[in-house]
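Spelled out from the first residue to the last, the chains are:
There are 2 protein chains.
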Amino acid sequence: MAELIKVSAQSRSTAVAGAIAGVMREHGYAEVQAIGASAVNQAVKAIAIARGYLEQDEIDLAVVPSFTEVDIDGNERTALRLAVYNRPDTLTVEVS
Amino acid sequence: MAELIKVSAQSRSTAVAGAIAGVMREHGYAEVQAIGASAVNQAVKAIAIARGYLEQDEIDLAVVPSFTEVDIDGNERTALRLAVYNRPDTLTVEVS
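So the protein sequences, as listed, match chains A and B. Each residue of the first sequence is one higher than the last, beginning at 1 in our numbering. Each residue of the second sequence is one higher than the last, beginning at 1 in our numbering.
Please note that a few of the clues may not be correct.
Heads up, the list lumps identical chains together, so a pair's fine if it works in one copy or across two of them.
Once the Cα atoms are required to be at most 25 angstroms apart in a straight line, the calculated SDA-like pairs of lysine to any residue come out as [unchecked claim]:
#1 Lys6 with Asp73
#2 Lys6 with Val64
#3 Lys6 with Leu54
#4 Lys6 with Thr92
#5 Lys6 with Val93
Derived by calculation from the structure, the hints in this document are not laboratory data. Predicted model, so just to flag it, every value in this text is computed and none were measured.
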């Protein structure tokens, strides 16, 4: 299992993007977790930025979001978990 | 081109999820746009919720985020554009 990249409201999106790019290069899969609107925004921006960082590696990214319950100091909080995959060539527009 | 689903900070994530599910059932592709942290959060939550709505249709979702410049009342703003695809079966964890 790749390590979980935890994003907070204070995280710099470029720093998170660098972390995502590193994990993707090494493992081909990353998991990003964010709690709250600001953290989720930073996380999604980071993934968009990481796509640029990984262009030269010929890696593109696709994300599957889900909810997960996490324990923060004894309190149950709902986090957004973003599973980050290599985007396959087949993932393109097929508008019907 | 599928219609663009514009999400604001005031959008209800379940309503947006319903819209995404409808467009995915009809077109197999959707585009979601959000400006600002609250709107991005609502959009990503909506996609996670839509995955549940589409389970019975045997549709799962994968998202490719990118930045786009949009004109809001004559001002250029950076929006997050979330391209939503049918998640292929091949998009699974291949941890190395």
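Verification of the supplied hints:
Only within a single protomer do Lys6 and Asp73 lie at most 25 angstroms apart by alpha-carbon distance; the minimum there is 15 angstroms, versus 36 angstroms between protomers. Taking identical chains as interchangeable, the C-alpha atoms of Lys6 and Val64 lie at most 25 angstroms apart whether they share a chain (16 angstroms) or sit on different chains (20 angstroms). Taking identical chains as interchangeable, the C-alpha atoms of Lys6 and Leu54 lie at most 25 angstroms apart only when both belong to the same chain, with a minimum of 20 angstroms there against 28 angstroms between chains. Within a single copy, Lys6 and Thr92 get their C-alpha atoms only as close as 29 angstroms, which misses the 25 angstroms cut-off; across copies the closest is 21 angstroms, which meets it.
Taking the shortest alpha-carbon separations for Lys6 and Val93, only the inter-copy value of 19 angstroms comes in at or below 25 angstroms, while the best intra-copy value is 31 angstroms.
Of the numbered hints stated above, none is contradicted by the structure.
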